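One-letter residues, chain by chain:
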Amino acid sequence: MSVILEMLSYPFLVRALVVGVLVSLCASLLGTSLVLKRYSMIGDGLSHVGFAALAIAYPLGFSPLYISIPICVIAAFFLLQLKDSAKIKGDAATALMCSGALAVGVMVISLTTGMNTDVCNYMFGSILAMSRSDLYISVVLSIAVLILYVMFFHRLFAVTFDEAFAEATGTNVRLYNMVIAILTAVTVVLGMRMMGTLLISNLIVFPALTAMRVTKKFKTTVILSAGIALFCFFAGLIFSYLHSVPTGACIVVTNIIAFILFWSVEKWKEERTVQ
Amino acid sequence: MNLLQCEHVSFSYEGKPAVTDVSFDVQEGDYLAIVGENGAGKSTLIRGLLRMKKPSAGNVLYGDGLQQNEIGYLPQQTQVQRDFPASVMEVVLSGCLNRLGRHVFFTRGQKAEAEKNIEMLGISSLKDRCYRELSGGQQQRVLLARALCATRKLLLLDEPVTGLDPLVAANMYQMIRDLRKKQGITIIMVSHDVGGAVREASHILHIANRQKFFGTSSDYRKDPIGMGFLKGGME
Chain A
1 MSVILEMLSY PFLVRALVVG VLVSLCASLL GTSLVLKRYS MIGDGLSHVG FAALAIAYPL
61 GFSPLYISIP ICVIAAFFLL QLKDSAKIKG DAATALMCSG ALAVGVMVIS LTTGMNTDVC
121 NYMFGSILAM SRSDLYISVV LSIAVLILYV MFFHRLFAVT FDEAFAEATG TNVRLYNMVI
181 AILTAVTVVL GMRMMGTLLI SNLIVFPALT AMRVTKKFKT TVILSAGIAL FCFFAGLIFS
241 YLHSVPTGAC IVVTNIIAFI LFWSVEKWKE ERTVQ
Chain B
1 MNLLQCEHVS FSYEGKPAVT DVSFDVQEGD YLAIVGENGA GKSTLIRGLL RMKKPSAGNV
61 LYGDGLQQNE IGYLPQQTQV QRDFPASVME VVLSGCLNRL GRHVFFTRGQ KAEAEKNIEM
121 LGISSLKDRC YRELSGGQQQ RVLLARALCA TRKLLLLDEP VTGLDPLVAA NMYQMIRDLR
181 KKQGITIIMV SHDVGGAVRE ASHILHIANR QKFFGTSSDY RKDPIGMGFL KGGME
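In order, the protein sequence lines correspond to chains A and B. For the first sequence, this note's numbering gives the first residue as 1, with consecutive numbering after it. For the second sequence, this note's numbering gives the first residue as 1, with consecutive numbering after it.
In case anyone wonders, no lab produced these hints; they're calculated from the structure. There's no promise every hint is true.
[As the list claims (entries may be wrong)] When the alpha-carbon atoms are kept at most 25 Å apart in a straight line, the in silico SDA-like pairs for lysine to any residue are as follows:
no.: 1; chain 1: A; residue 1: 269; chain 2: A; residue 2: 220
no.: 2; chain 1: B; residue 1: 53; chain 2: A; residue 2: 164
no.: 3; chain 1: A; residue 1: 219; chain 2: B; residue 2: 100
no.: 4; chain 1: B; residue 1: 53; chain 2: A; residue 2: 38
None of these values were measured; they are calculated from a predicted model.
Okay, chain A solo, but in the shape it has when bound:
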């Protein structure tokens, strides 16, 4: 408890906490749909694009969020289009985008500011990353993501569960796929600074997968995955603070532990029903 109070006395940690809570919520809610729609890798692809955008924004003196959000939204749009037309399949396109964007980002950084600890922070996340203006944008955008998600909840469920049925009965499937992509892009960019480019997709994939071990309803899956995401975020952040380890890595490790726990519960339940 005293550790938490001590942490709250640092403004940068309070900022990290606020943004982290909101981004974890957004990511875990969207993650359920993304995992079930087989779009798990989209977060990874988008975060690398976001990295390239950050790398370009810095030397030009722009605020990185203003640049990377639109670029990521365009990239998300592009990835979903590819899945429809499919001359290059979605997974291949994501792989291309990941390595391509990372390469561009690294080149730009080397040519301008040079490889330094900042780059390490981009890659693996840092709790120091949140500035005051970042905080405001992050809070507004992530609350917008949460509201849109709740508003479209039933539609997103229908589009996730059975696209063909939704489309056949007159739901605009493309529109809602686009909504998912845009919300994901915004979430990825907001979470990237703290989690790190290489680790942000964990926030999207893990809580949903963990929750799916034990749940039987979509609604409970979404709520449980949000709960898991929040718990793992707090645990990770505290560990990161106490031992000066990059925040992103700590959150991923706590998520892995949670996953193993839930997975064991699932196995144990299965064994019991067999006997």
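Fit chain B to the supplied structure of chain A, relying on the hints for placement.
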């Protein structure tokens, strides 16, 4: 007036024709079975009837004031559904989506409608179960209940009995028959099971990338094409 009419309709994928020159009509209360071999273009035609695919030639016309969001659809099961955590109620309720309009959540009336359809198909006891844990026949009933939430007029069924064992399949056919008789719902069904199709349906459309036969089931039985295909199907 016709509920649905196709006039010399063709569909193609990337310039390659899948089905060409199909003409038929469906009256209210009809039970049309679309039969043909694998790759004959049956599923493409269904997608076309649902207006998910634009015809490359001809017209698909809805009559009797039929709207796109008044059609119920039972698709073939997809891979995603097999590991999806969703309760039966959630799945059935998603069929009401096309009547959600500007609402954010489902209304009490829509929930009652879902409950009614669940009861009608005899799956009330499964209401809170997880969809992925049900047997194939139970899952089909759930999807049928969902399709009913979306329609009062026309149901399109894509291979409703494929993968079900004979007893469950017979049950499914019985249920479709009841829907038509008691609810007055028009049925269009795509099927591999020619024997079942001829036995159950009032009309048959036989396609093999183009139209081979359209008419009543009893005429189909006497038609050389029908006789040939039925014999093949029996073996």
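Going through the hints against the structure:
Between residue 269 (chain A) and residue 220 (chain A) the alpha-carbon distance is near 18 Å, which keeps this suggested pair within the 25 Å criterion. Taken as a hint, the residue 53 (chain B) and residue 164 (chain A) pair is honoured in the structure, with Cα atoms around 12 Å apart against an allowance of 25 Å. For the hint pairing residue 219 (chain A) with residue 100 (chain B), the CA-to-CA distance comes to about 18 Å; that is within 25 Å, so the pair holds. Only pairs whose Cα atoms come within 25 Å are accepted, and residue 53 (chain B) paired with residue 38 (chain A) is accepted, the gap being roughly 24 Å.
In terms of the numbered hints stated before, the structure departs from none.
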